[in-house]
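Line by line, the protein sequences are chains A and B. To convert, note that position 79 of the first sequence is 687 in our numbering; the numbers rise steadily by one, no gaps. To convert, note that position 373 of the second sequence is 410 in our numbering; the numbers rise steadily by one, no gaps.
Hint data in this document are derived by calculation from the structure and do not stem from the laboratory. Please note that a few of the clues may not be correct.
[Stated by the list, open to error] Distance condition first, Cα-Cα at most 27 angstroms in a straight line; then the derived DSSO-like pairs of lysine-lysine:
hint: 1; chain 1: A; residue 1: 736; chain 2: B; residue 2: 248
hint: 2; chain 1: B; residue 1: 413; chain 2: A; residue 2: 736
hint: 3; chain 1: B; residue 1: 307; chain 2: B; residue 2: 295
hint: 4; chain 1: B; residue 1: 307; chain 2: A; residue 2: 736
Model, not experiment: these values are computed from the prediction.
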Amino acid sequence: MFVQQLVNGVSIGGIYALMATGYALIYSLLGFSNWAHGDVAMLGAYIGFLCVAAVKMPFWLSALTALLGAGAISIMNERLAYRRIRRNNAPTMFLMIAAMGLSVTFQNMVIVFLGPKFRTYPPVIPVKSISLGSIKIGVLDMFSMIIVIIAMMLLELLITKTKFGLAIRAASSNMITASLMGINIDFYITLVFLLAGSLAGAGGVLLGLKYTVYPQMGNVSLKAFIASVFGGLGSVRGAIVGAFLIGIMEVFVSGFITSGLRDLFTFGLLIAILLIKPSGLFGIDIQDKA
Amino acid sequence: MKIKKLTGMLYLALMLLIIASSLSGCGSKQAKDDVIKIGYVGALSGDTAVWGQAGLNGMKLTAKEINEKGGILGKKVEVIGLDGRGNPVDSVNAFNKLVDEEKVIAVIGTNFSSCNIAMAPIADQKKIPLIGTACSNPKVTVDENGKLHPYSFRIGFIDPFQGKVLATFATNKLKAKTAAVITDIGSDYSTGLTEYFIKQFEENGGKVLIKVDAHSGDNDFRAQLSKIAPLNPDVVLVPWIYKDVALIANQARELGIKATLLGGDGWDSKELLTMAGPALEGCYYTSQPSFANPVTKPYAEAYKKEFGINPETEALFGHDGLYWIKDALERAGKVDPAALKDALENTKDFKGLMGSITVDPATHNPTKPCSVYQIKSSQFEYVGDFTP
């Protein structure tokens with residue numbers, strides 16, 4: 609039972625991780641919580657769903673379209689809403705409010721144009737599980753776990769080993785200095801939004817495959833946000849660790865105590881971390897977090 | 038000053054007009070002795086008018102049938118339908134109008150709990166029996182303090198009642214000995230069904246191995262289902278709305294739960310079949326009795342001939358409601374709302390097309406069969422009507 613619940617928790621945590629890293633990337637650069645992030649994931653799930661179900665594309669192509677589509681929407685958000693606010697040197701609070709506005713707009717646009725119904729992906733990956741003794745591991749879970757691990761590894765390499773990563777790290781440390789050093793800030797911010805949006809799109813497609821696709825599904829990103837606060841806002845590695853810990857904790861609370869208390873534990877953890885170690889597990893630079 | 042005087046005079050004129058019209062109203066609409074008037078309140082316009090229209094059509098067709106066979110106690114039946122628009126205010130207005138102007142002796146309708154909760158105290162006040170159709174909230178016949186609305190009745194069963202039928206169906210038909218339950222603790226519907234199911238299942242000699250809680254919208258139920266899986270129960274009660282049922286079913290199968298899943302009318306949506314895929318093959322759910330039952334065939338044919346469209350279930354409620362009133366009036370032996378109320382309250386085994394009704398005098402809730410459906414090759418298949 610314990611191991612089974614651990615498996616369940618890891619599979620939930622993996623999806624939180626895909627979303628949480630996107631949060632962390634954008635936070636590390638612009639210093640605000642992108643509340644529209646979950647809705648980008650939702651739009652990604654819908655793009656993938658429409659490609660598979662309406663256009664009848666093969667699944668891998670649909671998933672790729674969803675990833676790129678979500679990335680493009682994410683860039684569009686930056687271009688239309690955030691860039692202008694950044695240029696005005698407005699407080700980061702304004703960015704957060706703009707993000708909330710985008711979130712509400714996206715949810716309602718989907719309700720208007722596609723309807724509020726719950727939809728499911730056609731059975732791309734069968735509902736089957738592999739038994740290891742008394743432990744059952746879903747095929748879909750393994751598939752999504754592989755995707756999550758690949759995405760996390762690529763992200764880690766990208767940030768630590770490439771010029772792109774160096775530029776982002778420099779910009780997140782100090783944007784003005786980085787810009788004086790000859791880094792094209794706008795270009796890199798666009799790339800970061802593309803990256804975060806694609807990760808969200810991947811999360812959205814996996815969520816849609818595992819559960820259902822509906823306009824409010826992006827609200828799950830609240831958990832991803834808690835994960836990234838827990839791990840240290842702005843720290844990609846922290847976000848991954850936080851996401852897995854929260855996924856496992858949620859399953860353990862529902863499995864061994866009662867699901868009524870699940871969210872109490874999650875939010876209790878958020879309060880505790882803010883009181884005891886406000887910078888989170890892997891956080892640095894206390895002054896900047898708000 | 039001048040304007041004030043003018044408005045004053047207008048008021049006076051208006052008052053006179055109202056008095057005059059109400060006087061004349063009394064004069065012209067005297068209830069005729071040889072006709073029994075029965076009212077119907079339902080949504081006759083708006084987006085839920087399909088049901089309201091079907092209910093009224095069903096009653097009119099039934100009234101015709103009753104009149105052709107000699108009426109009730111030698112008197113002809115007349116059905117008067119007014120539009121309640123599916124909202125409480127309009128329904129109360131319609132009810133008042135039926136009683137005050139049309140002088141009906143009983144009212145059938147509506148299928149919305151919110152409308153009947155609003156009409157129930159007025160029915161008590163005016164002492165006119167009100168028979169709800171598909172409204173399923175317990176507060177339709179019993180107020181918040183648990184006090185009975187003496188003039189409120191209903192034809193359909195309350196939601197939790199399905200739990201009772203499911204329990205007996207599981208022990209008698211499926212020969213289930215053990216059960217597990219997964220409940221949505223945020224919903225009255227789910228907790229009510231759970232409570233009735235567990236009580237009846239244990240009364241029937243079965244054993245409920247475990248009851249786990251979850252919330253609608255959780256999407257991932259594997260933490261809870263993992264607790265059920267190793268116990269290997271014969272049946273698992275899933276009293277949820279279809280979107281959650283689909284998720285629970287798929288995740289349960291993934292974790293190796295092979296038990297037959299059971300549920301209530303929250304399953305009753307074609308969407309469930311596409312969403313759940315093969316995970317629900319062979320599972321059962323209950324619903325209000327409907328036209329799936331072959332005994333309703335002649336009535337459905339007559340309805341199609343008369344109105345040129347397929348009947349909705351609400352038409353059956355109209356049919357059974359009117360025959361129930363006929364049955365009660367004949368037992369009472371006189372045409373009087375108070376006597377009718379007493380007779381309705383003491384109904385035992387009234388046989389309608391939706392099965393036989395026995396009323397509990399303490400709550401006015403009927404004991405009656407539920408229709409059971411099975412999911413077979415991705416279709417809902419009618420199994421039969423079952424009593425608890």
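Now the hints, each set against the structure:
Pair hint residue 736 of chain A plus residue 248 of chain B holds up; C-alpha atoms about 25 angstroms apart against a cutoff of 27 angstroms. Only pairs whose Cα atoms come within 27 angstroms are accepted, and residue 413 of chain B paired with residue 736 of chain A is accepted, the gap being roughly 20 angstroms. Under the criterion of a C-alpha separation no larger than 27 angstroms, the hint pairing residue 307 of chain B with residue 295 of chain B is consistent with the structure, at around 23 angstroms. With a CA separation close to 24 angstroms, the supplied pair residue 307 of chain B and residue 736 of chain A stays within the 27 angstroms bound.
Figure legend: structure checked against the earlier numbered hints; every hint is met.
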